[in-house]
Amino acid sequence: ILNVEQSPQSLHVQEGDSTNFTCSFPSSNFYALHWYRWETAKSPEALFVMTLNGDEKKKGRISATLNTKEGYSYLYIKGSQPEDSATYLCASNTDKLIFGTGTRLQVFP
Amino acid sequence: NAGVTQTPKFQVLKTGQSMTLQCAQDMNHNSMYWYRQDPGMGLRLIYYSASEGTTDKGEVPNGYNVSRLNKREFSLRLESAAPSQTSVYFCASEERGSGANVLTFGAGSRLTVL
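Protein sequences, first through last, are from chains Z and U.
The first sequence begins at 25 in this note's numbering and counts up by one.
The second sequence begins at -11 in this note's numbering and counts up by one.
Hints are computed from structural coordinates only; laboratory data are not their basis.
Glycine residues also receive a C-beta, built at the ideal position from the N, C-alpha and C atoms.
Some hints could be false.
Claimed, not checked - The calculated lysine-lysine pairs, modelled on DSBU-like cross-linking and capped at a C-alpha distance of 35 Å, are:
| # | chain 1 | residue 1 | chain 2 | residue 2 |
| --- | --- | --- | --- | --- |
| 1 | Z | 66 | U | 59 |
| 2 | U | 2 | Z | 83 |
| 3 | U | 2 | U | 59 |
| 4 | Z | 102 | U | 2 |
| 5 | U | 2 | Z | 93 |
| 6 | Z | 82 | Z | 66 |
| 7 | Z | 66 | U | 45 |
| 8 | Z | 93 | U | 45 |
| 9 | U | 59 | Z | 83 |
| 10 | U | 2 | Z | 82 |
| 11 | Z | 81 | U | 2 |
| 12 | Z | 83 | U | 45 |
Said to hold, decoys possible - Stretches of chain U that chain Z covers, calculated by requiring three or more beta carbons in the stretch to come under 8 Å of a beta carbon on chain Z:
| # | stretch |
| --- | --- |
| 13 | -1 to 11 |
| 14 | 29 to 40 |
| 15 | 68 to 77 |
What the hints assert, rightly or not - Which stretches of chain Z does chain U cover? Using the computed rule of at least three CB atoms under 8 Å from a CB of chain U, they are:
| # | stretch |
| --- | --- |
| 16 | 87 to 95 |
| 17 | 121 to 132 |
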């Protein structure tokens, strides 16, 4: 079973701050790295899927990078807003998708 | 609306009772998954089905059985519920089973075992 780890566990930032989280995963037999945004009492929603070393993806103020050789991915949020408050999950797979425990972000006005 | 439908949304069981959580998707996806969500544990994979007719264990399969009834439906059964199975259960599906496509999740099923 893969060990997908995320840090930090939680993060509190002020509105307008930029922030980033880390996802680390075993680099052997890597296939894909997923990022999801999960609001309380809702279902996780997909942000990005990345497969190639050096991949960078962007959606509005959120972007992600991937390093498959060293086994990590960063998620960046530029100019955080209160509506960005959520848990951000990453997941990696060889034959099945295993999730990390998430980074819980709270953005204060 | 297209997507993943889970039933029931809420269920309370007594220890030792059995029940089945149903999941259906109408997106013609090949792969389907069952996860459980517990505080501080994120999403843990219980079972998955890469394609119709196949099922495999995930991280925490003990106490559960699954059936991939057809391409649309993937059910999760608790034969003898235990308090440790109190959790929120999410079903998800993925196109083509390649792992490079995003998962679409159901709304979740909250199960309490007394």
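Against the structure, the hints come out as follows:
Note on residue 66/Z and residue 59/U: the hinted pairing holds, with a Cα-Cα distance of about 25 Å set against a maximum of 35 Å. A distance of roughly 45 Å separates the Cα atoms of residue 2/U and residue 83/Z; the hinted pair therefore is violated under the 35 Å criterion. Pair hint residue 2/U plus residue 59/U holds up; C-alpha atoms about 32 Å apart against a cutoff of 35 Å. This hinted pair does not check out: residue 102/Z and residue 2/U have alpha carbons roughly 48 Å apart, beyond 35 Å.
Between residue 2/U and residue 93/Z the CA atoms are separated by roughly 48 Å; this puts the pair beyond 35 Å, and the hint is violated. For a cut-off of 35 Å, the pair hint linking residue 82/Z to residue 66/Z stands: about 23 Å separates their Cα positions. A C-alpha spacing of about 26 Å is found between residue 66/Z and residue 45/U, which places the hinted pair at or below 35 Å, so the restraint holds. At roughly 28 Å between alpha-carbon atoms, residue 93/Z and residue 45/U fall within 35 Å of each other, so this suggested pair holds.
The suggested pairing of residue 59/U with residue 83/Z holds, with an alpha-carbon distance near 32 Å, which does not exceed 35 Å. In summary, the hint linking residue 2/U to residue 82/Z is not supported, as the alpha carbons are separated by about 47 Å, beyond the 35 Å threshold. Simply put, residue 81/Z and residue 2/U have alpha-carbon atoms about 47 Å apart, too far for the 35 Å limit, and the pair is violated. The suggested pairing of residue 83/Z with residue 45/U holds, with an alpha-carbon distance near 34 Å, which does not exceed 35 Å.
For the stretch -1 to 11 of chain U, the stated coverage by chain Z is violated: 0 residues have a C-beta nearer than 8 Å to a C-beta of that chain, whereas at least 3 were required. Only residues whose beta carbon comes within less than 8 Å of a beta carbon in chain Z count, and the stretch 29 to 40 of chain U has 7; three or more means the coverage holds. Residues of the stretch 68 to 77 of chain U with a Cβ under 8 Å from some Cβ of chain Z number 0, which does not satisfy the need for three, so the listed coverage is violated. Counting residues of the stretch 87 to 95 of chain Z whose beta-carbon sits less than 8 Å from any beta-carbon of chain U gives 0, not enough to reach three: the coverage restraint is violated.
For the stretch 121 to 132 of chain Z, the stated coverage by chain U holds: 6 residues have a C-beta nearer than 8 Å to a C-beta of that chain, and at least 3 were required.
The structure fails to meet hints 2, 4, 5, 10, 11, 13, 15, 16 from the earlier list, while all remaining hints are met.
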